[in-house]
Amino acid sequence: MVMSLAMASRSVEILCGISLIIQTIEFLNLRGALSPQGVWTYAIGRDDLAHASKPVQSLFAFLAREDVWLLHLVLRLLAALVLVIDGASLPLVGFLFAGTLVILIRWRGAFNGGSDFMTIVVLSGLLIAILVGASGDSELGWRAGMIYIAIHAASSYFISGGIKLLNPEWRSGEALALFLDGGIYGPLSRLSLYWLRPVAMLCSWAFIVWECLVPLAFFDAELAVIYCAVAGLFHFLVFWYFGLNRFVFAWLASFPAIIYVASQLN
Amino acid sequence: MSVNFALMIGYFGFLLAALVLHSRPVVSPWLFLLRSFFPNWRFFHALGRAPRLYYRHQTTDAWSDWHKFMPRAERRWSHLFYNAEVNLALSEQNLVDHLANDLADCDDDAAALRLVTYRMVERLVREKLAGYAGLSAYQFRICLERPGFDPLIHAAEAVDNLVLQSPVMPFQPEGR
Chain R
11 MVMSLAMASR
21 SVEILCGISL
31 IIQTIEFLNL
41 RGALSPQGVW
51 TYAIGRDDLA
61 HASKPVQSLF
71 AFLAREDVWL
81 LHLVLRLLAA
91 LVLVIDGASL
101 PLVGFLFAGT
111 LVILIRWRGA
121 FNGGSDFMTI
131 VVLSGLLIAI
141 LVGASGDSEL
151 GWRAGMIYIA
161 IHAASSYFIS
171 GGIKLLNPEW
181 RSGEALALFL
191 DGGIYGPLSR
201 LSLYWLRPVA
211 MLCSWAFIVW
221 ECLVPLAFFD
231 AELAVIYCAV
241 AGLFHFLVFW
251 YFGLNRFVFA
261 WLASFPAIIY
271 VASQLN
Chain Y
3 MSVNFALMIG
13 YFGFLLAALV
23 LHSRPVVSPW
33 LFLLRSFFPN
43 WRFFHALGRA
53 PRLYYRHQTT
63 DAWSDWHKFM
73 PRAERRWSHL
83 FYNAEVNLAL
93 SEQNLVDHLA
103 NDLADCDDDA
113 AALRLVTYRM
123 VERLVREKLA
133 GYAGLSAYQF
143 RICLERPGFD
153 PLIHAAEAVD
163 NLVLQSPVMP
173 FQPEGR
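In the order they appear, the protein sequences are chains R and Y.
Going by this note's numbering, the first residue of the first sequence is number 11, and it counts up by one from there.
Going by this note's numbering, the first residue of the second sequence is number 3, and it counts up by one from there.
Treat each hint with caution, since some may be false.
[What the hints assert, rightly or not] Covered stretches of chain R (chain Y as the covering partner; in silico rule of three or more C-beta atoms under 8 Å from a C-beta of chain Y):
{"id": "1", "segment": "42 to 54"}
{"id": "2", "segment": "114 to 127"}
{"id": "3", "segment": "186 to 195"}
Just so you know, the hints here were simulated from the structure itself, not pulled from any lab data.
The structure displayed is predicted, hence computed values, not measured ones.
Built from N, CA and C at the ideal position, the CB exists for glycine as well.
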């Protein structure tokens, strides 16, 4: 199975756009937390930028105004829709990239952790594709962008699995049950199977091995498809147990790049 | 093709070495705000002791028990496509985590009260208390707790867990 560059790049655009739409609708409904009455009020948050120059402080003070923030999010929603329907362009991706940066700084560097990181990775990949393509070789640009996204996505699984492999609490299964118990949809029922050490150990090892084996996905395009299918299930489970819905869509946007790079290597 | 695979194996070997070798964290205000550009993929990496927020309130002369802030929600399928409240609750817990980190680097009590994270957590507590009637004062504290810790069962351990106890503050709901 081979994924063409055109199919991969278009798939990344559509999936990234859907991910941004979901995130932006959530941000639109979380403006209260950033309002003058909210926990993340700029009256306090501006002190995070005390080290910045006066023009930068003034710029962020302007962007943090409630009316400007609302306008930004509405434009971001429209830009994400255009990305899905019409594909990437420099002004569009540049705006989405810069906007993501502003939003994350407003939320003190990250709002949702890993999904923010992967959103930046995919938008960076799109930006690389367009900027390199602007030199005249559009195909080279898209190839570079896909490789960039694939490397980061593969690294995310490998590091996440590797760090668990090195941790005895993960290897014994203890960590899984306790993280699930402390999760947003916890606590685990006393009758939950995850409290049984063999079950927890089996589940932990299944994910550790699967994450650490991500390099294998690049040895065969069909293996890459299977790997990404399991990854989709994995991210759904992370959503189901920890409420991290944004992770599902942020990582989905990287899968076409993994499959494309695997296709090219074989 | 063999060069590609050699590069790939070399890259994952480098990642593995980076996991095993300990590195010194780089600290900078801009790096903190721009940390999404330097992805940290070490999700749920170790159990450790997690920072937990407790708060209590006073009505007339009586203090309530300490309430533990533990983000919890009811699971729904629709949350896959829209989960703003849960994501906000997770961000609130992250804020508590960042306050605990900031406190670890802060050896001056007066400076702690000026921390961005301290002032935000103070607001968070006021927000959580906004629904209570007749409040006159409130107080909060941060404790480092191992997973499965229960203050009722492990009472002796609770004292060692305390990393911050705020002064008693008069209650004034935000924006009133």
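Hint check:
no.: 1; hint: 42 to 54; in the structure: holds (count 8)
no.: 2; hint: 114 to 127; in the structure: holds (count 12)
no.: 3; hint: 186 to 195; in the structure: holds (count 6)
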